[in-house]
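Let the hints inform the model, and build the full structure from the sequences given.
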Amino acid sequence: MNSQQQYIASMPSEGFLSAHLNLSDRPKSGETKRRIRIVGHDTSLATENVSIFWPDIELALGDVVELAVLEDGIGSPPSSIRRSSQDQGNLFASNELAAEALAIGHEFEKKILSLLQKAEMAETGEEAKKIRLATGHLIAALGEHLFAPIWRRHSDLVPPEMKGELL
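For the sequence shown, position 92 matches number 92 in this note's numbering, and the numbering has no gaps at all.
It is possible that part of the hints are untrue.
What the hints assert, rightly or not - Each computed SDA-like pair below joins lysine to any residue, with the alpha-carbon atoms no more than 25 Å apart: (1) Lys33 with Pro55; (2) Lys163 with Leu113; (3) Lys163 with Ser44; (4) Lys118 with Ser94; (5) Lys163 with Ala141.
Claimed, not checked - Computed beta-carbon distance windows for the label pairs: (6) Asp87 with Arg37: 17 to 27 Å; (7) Ala60 with Leu97: 46 to 56 Å; (8) Gly89 with Tyr7: 23 to 33 Å.
Derived by calculation from the structure, the hints in this document are not laboratory data.
Cβ coordinates follow ideal geometry from the N, Cα and C atoms, glycine included.
And the structure:
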């Protein structure tokens, strides 16, 4: 920033690295924010994701920000690391109950998709579109709030097709 190196963000293995420029001006709340946030996600483990955070860089008017893509190598240490297996929202200490909840969730998913197929044949175009959207939201919420929190805690229950994906 302003010709001064702040740090080097480096991924230790496969995954992705993101740089976010966040600018917000909220006159009603009196907040103005200008910052760069660098975050990495290590997806090299089949059933665990590791989120890597470097310190936010606060910006002022007139600051010049430059990002450079460098050769692979050692970078600056991150300010924090979070493992998906340590997420406070993970569900079920009992493996048996976790497996039962997943089975119920999958059964619900099948039934709601079956209902969607019936609705698409019986309802008008606009109504079918609203039902498709609602079904998509339900399935996404099921994944985010039931499946992923169980899979993060019980790696043995992660289906093969989900291994290596962000949980």
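Does Pro55 lie within 25 Å of Lys33 when you go C-alpha to C-alpha? holds (15 Å)
Confirm or reject the claim that Asp87 and Arg37 have a C-beta distance inside 17 to 27 Å. 20 Å Cβ-Cβ, so the 17 to 27 Å window holds.
Is it true that the CA of Lys163 sits at most 25 Å from the CA of Leu113? holds (24 Å)
At the C-beta level, are Ala60 and Leu97 separated by a distance inside 46 to 56 Å? holds (52 Å)
Could one say that the CB atoms of Gly89 and Tyr7 fall in the range 23 to 33 Å? 30 Å Cβ-Cβ, so the 23 to 33 Å window holds.
Between Lys163 and Ala141, is the straight-line Cα distance small enough, at 25 Å or below? holds (19 Å)
Pairwise hint evaluation, Ser44 against Lys163, where the allowed Cα distance is 25 Å at most: holds (10 Å)
Is Lys118 within 25 Å of Ser94, Cα to Cα? violated (36 Å)
In terms of the numbered hints stated before, the structure departs from hint 4 and from no other.
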